[in-house]
Amino acid sequence: GAVVSQHPSRVICKSGTSVKIECRSLDFQATTMFWYRQFPKQSLMLMATSNEGSKATYEQGVEKDKFLINHASLTLSTLTVTSAHPEDSSFYICSAVGLSGNTIYFGEGSWLTVV
Amino acid sequence: GEDVEQSLFLSVREGDSSVINCTYTDSSSTYLYWYKQEPGAGLQLLTYIFSNMDMKQDQRLTVLLNKKDKHLSLRIADTQTGDSAIYFCAEISNDYKLSFGAGTTVTVRA
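Line by line, the protein sequences give chains E and W.
Residues 1 to 115 in the numbering used here are what the first sequence spells out, letter by letter.
Residues 1001 to 1110 in the numbering used here are what the second sequence spells out, letter by letter.
Some clues are possibly wrong.
[Claimed, not checked] Using 25 Å as the maximum straight-line C-alpha spacing, the simulated BS3-like pairs for lysine-lysine come out as follows:
| hint | chain 1 | residue 1 | chain 2 | residue 2 |
| --- | --- | --- | --- | --- |
| 1 | E | 64 | E | 20 |
| 2 | W | 1097 | W | 1067 |
| 3 | W | 1036 | E | 41 |
| 4 | E | 55 | W | 1097 |
| 5 | E | 64 | W | 1097 |
| 6 | W | 1070 | W | 1056 |
| 7 | E | 20 | W | 1097 |
| 8 | W | 1097 | E | 41 |
| 9 | W | 1097 | W | 1036 |
| 10 | E | 14 | E | 41 |
| 11 | E | 66 | E | 20 |
| 12 | W | 1097 | W | 1056 |
| 13 | E | 14 | E | 66 |
| 14 | W | 1070 | W | 1036 |
| 15 | W | 1070 | W | 1097 |
| 16 | E | 66 | W | 1097 |
[Unchecked claim] Not everything, but these chain E residues come out facing chain W in the computed CB check (under 8 Å):
| hint | residue |
| --- | --- |
| 17 | 32 |
| 18 | 34 |
| 19 | 43 |
| 20 | 44 |
| 21 | 49 |
| 22 | 93 |
| 23 | 97 |
| 24 | 108 |
| 25 | 109 |
[Said to hold, decoys possible] Here are a few chain E residues that face chain W, going by a calculated C-beta distance under 10 Å:
| hint | residue |
| --- | --- |
| 26 | 38 |
| 27 | 41 |
| 28 | 42 |
| 29 | 45 |
| 30 | 107 |
Keep in mind the hints are simulated off the structure, nothing from the lab.
Even glycine gets a Cβ: it sits at the ideal position worked out from N, Cα and C.
Using the sequences and the accompanying hints, generate a full structural model.
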């Protein structure tokens, strides 16, 4: 069964609204989670590193005010796409690193469509 | 994934073997991964290999690693229609960030 759960798996939102995606580690604690984005027919690109109890670290070119990341507990990180635009439509996927540091698990991903 | 390179397409006949190749750049990667993505679905970890290994076999899957050339390959024996998907290789940095290749689309024809 899945050890990292993402919710929602699919979401459609109106342009200008905000949408929150959750990434939850189910049976382990994760001090670090990562958020990736995949545009159609492209590879996955790292957006940011989410650290429990501290600010996220964003990759170059990713707007931190648009993609708000909160990692309030050892089992939950959230990505909020603010003022969404159609070009934000993408597949967003998180990964979580176990406390031992030698295992990485991916969530199932969330398909966002902005209309 | 500009540091990880893969061929984009592979067409294979059902029952034949598929070989997907990948080159990476980070020689300090402790693990190298192969993921599978079916249309409209998430990422599925297929297999991984530790950097001090040359080969790993897991049922129909064989991973070969050439550290000198930074070359990784995935061989799928007896390819089935259910193997049609996009396959990503990925390397991992010391801080657990994954860098993915562009993905190889494997099409299995009858």
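How the hints compare with the structure:
1. With a CA separation close to 14 Å, the supplied pair residue 64(E) and residue 20(E) stays within the 25 Å bound.
2. This hinted pair checks out: residue 1097(W) and residue 1067(W) have alpha carbons roughly 20 Å apart, not beyond 25 Å.
3. In summary, the hint linking residue 1036(W) to residue 41(E) is supported, as the alpha carbons are separated by about 14 Å, within the 25 Å threshold.
4. The hinted pair formed by residue 55(E) and residue 1097(W) meets the criterion: a straight-line CA distance of about 17 Å does not exceed 25 Å.
5. A C-alpha spacing of about 18 Å is found between residue 64(E) and residue 1097(W), which places the hinted pair at or below 25 Å, so the restraint holds.
6. Proposed proximity of residue 1070(W) and residue 1056(W) is supported: the alpha carbons are some 16 Å apart, at most 25 Å.
7. Between residue 20(E) and residue 1097(W), the direct Cα distance comes to roughly 23 Å. Compliance with the 25 Å bound is thereby established for this hinted pair.
8. Between residue 1097(W) and residue 41(E) the CA atoms are separated by roughly 21 Å; this keeps the pair inside 25 Å, and the hint holds.
9. For the proposed pair residue 1097(W) and residue 1036(W), the alpha carbon gap of about 18 Å is at most 25 Å, so the pair holds.
10. Only pairs whose Cα atoms come within 25 Å are accepted, and residue 14(E) paired with residue 41(E) is accepted, the gap being roughly 23 Å.
11. Restraint check for residue 66(E) and residue 20(E): the C-alpha separation of about 12 Å stays at or below 25 Å, so the hint holds.
12. Of the pairs offered as hints, the one joining residue 1097(W) and residue 1056(W) holds, with about 23 Å between alpha carbons and a cut-off of 25 Å not exceeded.
13. Our distance criterion of 25 Å between C-alpha atoms is met by residue 14(E) and residue 66(E), whose separation comes to about 16 Å.
14. Distance check on the hinted pair: residue 1070(W) and residue 1036(W) sit about 21 Å apart at the alpha-carbon level, within 25 Å; holds.
15. In summary, the hint linking residue 1070(W) to residue 1097(W) is supported, as the alpha carbons are separated by about 18 Å, within the 25 Å threshold.
16. Proximity of residue 66(E) to residue 1097(W) is assessed by CA-CA distance (about 21 Å); at most 25 Å being required, the pair is judged to hold.
17. Because the closest C-beta pair between residue 32(E) and chain W is about 6 Å apart, less than 8 Å, the hint holds.
18. The criterion of a C-beta within 8 Å of any C-beta in chain W is met by residue 34(E), whose closest approach is roughly 7 Å, and the hint holds.
19. For residue 43(E), the interface hint holds, since its Cβ comes within 8 Å of a Cβ in chain W; the closest pair sits about 4 Å apart.
20. Checking residue 44(E) against chain W by beta carbon gives a least distance of about 5 Å; that is within 8 Å, so the hint holds.
21. Because the beta carbon of residue 49(E) sits about 7 Å from the nearest beta carbon in chain W, less than 8 Å, this interface hint is met.
22. For residue 93(E), the interface hint holds, the least distance from its beta-carbon to any beta-carbon of chain W being 6 Å, beneath 8 Å.
23. Because the closest C-beta pair between residue 97(E) and chain W is about 5 Å apart, less than 8 Å, the hint holds.
24. Interface hint at residue 108(E): satisfied, since its Cβ lies 4 Å from the closest Cβ of chain W, which is below the 8 Å cut-off.
25. The closest approach between the C-beta of residue 109(E) and any C-beta of chain W is roughly 4 Å, which is under the 8 Å cut-off, so the hint is satisfied.
26. Hint status for residue 38(E) relative to chain W: holds, with the closest Cβ pair at about 9 Å, below 10 Å.
27. At its closest, the beta carbon of residue 41(E) sits 8 Å from a beta carbon of chain W; the interface hint therefore holds under the 10 Å criterion.
28. For residue 42(E), the suggested interface contact is upheld, since its CB lies about 7 Å from the closest CB of chain W, less than 10 Å.
29. A least Cβ separation of about 8 Å between residue 45(E) and chain W falls short of the 10 Å threshold, and the interface hint therefore holds.
30. Annotation: residue 107(E) was flagged as interfacial toward chain W, and the flag holds, the nearest CB pair being 7 Å apart, inside 10 Å.
Going down the numbered hints, you'll see the structure goes against none, and every one checks out.
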